[in-house]
Amino acid sequence: MPEGLRIHDLRCSVDGGEILKGIDLTIEPGRVHALMGPNGSGKSTLAFSLTGHPKYEVSGSVLLDGEDLLALAPDKRARAGLFLSFQYPAAIPGVKVANFLHAARQAERPGDLPPAKFRALLLEKMDQLGIDPSFMGRYLNDGFSGGEKKRLEMLQLAVLAPKYAILDETDSGLDIDALKDVGDSIAALRASDEGRDTGFLIITHYPRILQYVIPDVVHVMIGGRIVKTGGHDLAHRIEREGYDVLREEAGAVA
Amino acid sequence: MPNSAVASPNELYDVLSSLDGALLSREERARALDRFFALRSGREKPGRFWRVDLDSVAPEPGAVERSSAGLQIENSDSRVLVCDLATAARQHPQLLARAFATTGVKATKFGALARAFAGLGAFIYLRADVDCNGPITIAYAPPAGAAIFPHTIVLAERGARATIVERIEGGEGAFFCGTSEVVTEERVQLLYAVVQRAGTGARVISSRAMRPGRDAEVAWASAELGGDLAASDLSIAIEHPGARAEVTALFFPRAAEHVDVVSTVEHRAGEATSETLVKSAATESGQARFLGNIRIAPHAQGSDARLRDDALLLSRNAHVDSVPALEIGANDVKAYHGATVGAIDEEQVFYVESRGIDRNAAERMIALGFFEPAIERFPTESLRSEIRHTLAEKLS
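Chains as they are written, first to last, in numbering that gives the first Met the number 0: chain S, 0 to 253; chain G, 0 to 395.
The reader is advised that the hints may include incorrect statements.
[What the hints assert, rightly or not] What follows is a set of in silico ranges between Cβ atoms, one per label pair, in the way DEER data are often shown:
1. G/Arg387 to S/Ala190: 35 to 41 Å
2. G/Asp130 to S/Gly142: 32 to 38 Å
3. S/Arg207 to G/Val322: 49 to 55 Å
4. S/Ala190 to G/Glu375: 35 to 41 Å
5. G/Asn132 to S/Arg207: 55 to 61 Å
6. G/Glu375 to S/Lys75: 29 to 35 Å
7. G/Ser75 to S/Lys116: 33 to 39 Å
8. S/Asn98 to G/Asn9: 53 to 59 Å
9. S/Ser171 to G/Glu375: 30 to 36 Å
10. S/Ser133 to G/Arg267: 35 to 41 Å
11. S/Pro109 to G/Ser75: 39 to 45 Å
[What the hints assert, rightly or not] BS3-like, lysine-lysine: derived pairs with alpha carbons at most 30 Å apart:
12. S/Lys54 to S/Lys75
13. S/Lys95 to G/Lys393
14. G/Lys393 to S/Lys75
15. S/Lys162 to S/Lys179
16. S/Lys162 to S/Lys75
None of these hints come from the bench; they were simulated from the model.
Built from N, CA and C at the ideal position, the CB exists for glycine as well.
Okay, chain S solo, but in the shape it has when bound:
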């Protein structure tokens, strides 16, 4: 069994200010972790620190199945098996969705699918996500609605079938139908041979998406620290009580 995505004492600064103040977290293969917290608590910073955004100064250690992730450039982290679903995916005009996904799949799993089979896979996953086939010929995220961008992120997740996937606020801005499609897509990936062992870190502000993807573990982040870890019921408690009670508890502990 792979060792998991093991994060130890991860700290991160941007422009001199410390945002992550020592994160310890292990995502086991095949398990779903939810990371919840109010705006500005450092959730997205964690996602970018793990994937290697050049703006972030990071210390600590992150091992992906034993491999030292922080020593790697962003593309190598992806090839090691890490995937980020962006909260705000960049548009790349002139690069067609199908060509981009093929290039990404080739980079991460060189030569494993001939073009015709890749196309079939793409069509199947698009159908699963309720994405019109005409998307293949559109420019990547260019002129896409918020919902279309999120579906495209989920399409990439499905096509790349990474070892560990971080979903950064994939639920924000989605209506119930789109949310359900996202949930179905994750469920389909987890049921497939390729995605059976994918470990998930689902970053969210609202517990809503957790009705569609049931987490094994729920963490709450406040002020750059994980202040509480529990089961699915922790998400329900946040839904009822909000973050303030937890913030007070965290304050009492600190």
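Model the placement of chain G on the given structure of chain S, informed by the hints.
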């Protein structure tokens, strides 16, 4: 960059008497050469980045090529007349005269130079309502070091449809000064694409003008991909309502290459639309300059003119100057202009890298994508692939 010392005018005049007198008399040629020496190019002067003075560019008298070697014509439609310029002057003088020297290019400095040494070239005549099968290709490949002055003349009668591809190839150190003139009647649909892939050290100067008829749809699509110096004028003069004009240009100087493109769309009649799209990149010490003219005459009400130009700077010493120039004389018009100049966005690079694609490949992908909206306006998939491939080579 070869040193472009001004040739002795006398020696250039001496060459004229040895040229085709049936096409243009010695006197007409001499008057054109007078204009060349008298006129200013109106182009960028040498400065901090730009190092070529177009006002001092002239061919070497000894390099003037008199043979028509290097012209290739491909046309698969027997209903279309395509012949070399000398043949057109002898066998179809009335047809040729309806288009040749009718657009005003001869009044420009380099149009006049091309006229003085006219001889090489092609004439394309599309009869009314002919829908030409497949593109007509005219290729100019001057010998290394030669100076050529090609004219590509197109006359399209009402309702005709055609795609024309002009290729400029090879010719290391060659001097190319040519014109294209396209005259159409009403309802013509015509796309004229230029792919310039001249060799190292070549200087390529072209003056191209179109006069579309009523309800005609005409387009220039120009890719300046070779040579050390490329100066290109692309103009469309709309004199009849209902016309739709499109100008597309892409260029990518690297090393010490200089590219200077001027597009001009004149709305002299109303109820016509024009759309200009320019995509450029520069790397290493590559220099580029784009001047986009849109002129809407006071009576040209209902004109709709759009101009979009984007430039990508890929190195610290690369430079692109982008100058829009809109002169709008009418009040009931739509005119839009948008321009960007900048480096590749780091957020785009990170996004692509996060999908396992390394930084170099990510930058290449983003830069090629940047050109794609312009590439898509070129005809045939094989031509588009060739352009993508050439750009990719420049990026590597």
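| When you take the CB atoms of S/Ala190 and G/Glu375, is the distance between them in 35 to 41 Å? | Given a distance of about 39 Å, which is inside 35 to 41 Å, the answer is holds.
| Within 35 to 41 Å or not, the Cβ separation of G/Arg387 and S/Ala190? | With a Cβ separation near 39 Å, G/Arg387 and S/Ala190 satisfy 35 to 41 Å, so the hint holds.
| message | Given a hint of 32 to 38 Å, does the C-beta separation of G/Asp130 and S/Gly142 actually sit inside it? | response | Holds: the Cβ-Cβ distance is about 34 Å, inside 32 to 38 Å.
| said: Quick check on a hinted range of 39 to 45 Å for S/Pro109 and G/Ser75, using CB atoms only. | reply: Hint holds: Cβ distance 42 Å, inside 39 to 45 Å.
| message | 30 to 36 Å was suggested as the range; check whether the CB atoms of S/Ser171 and G/Glu375 agree with it. | response | The hinted range 30 to 36 Å holds for S/Ser171 and G/Glu375, with Cβ atoms some 33 Å apart.
| task | Sort out whether S/Lys75 lies within 30 Å of G/Lys393, counting only the CA atoms. | result | Within the cut-off at roughly 26 Å; holds.
| message | For S/Lys162 and S/Lys75, compute the direct alpha-carbon distance and say whether it is at most 30 Å. | response | holds, 13 Å
| For the pair S/Ser133 and G/Arg267, does the Cβ-Cβ distance stay inside 35 to 41 Å? | Given range 35 to 41 Å: holds, Cβ gap about 40 Å.
| task | Given the hint that S/Lys162 pairs with S/Lys179, test it: the Cα-Cα distance must not exceed 30 Å. | result | At roughly 23 Å apart (the allowed maximum being 30 Å), S/Lys179 and S/Lys162 satisfy the hint.
| said: Can you tell me whether the CB distance of G/Glu375 to S/Lys75 sits inside 29 to 35 Å? | reply: At roughly 33 Å between Cβ atoms, S/Lys75 and G/Glu375 fall inside 29 to 35 Å, so the hint holds.
| request: Evaluate the given range 55 to 61 Å for the C-beta pair formed by G/Asn132 and S/Arg207. | output: holds, 59 Å
| field | Distance restraint hint 49 to 55 Å, applied to the beta-carbon atoms of S/Arg207 and G/Val322 | value | Because 52 Å falls inside the window, the suggested range holds.
Every hint from the earlier list agrees with this structure, and none is contradicted.
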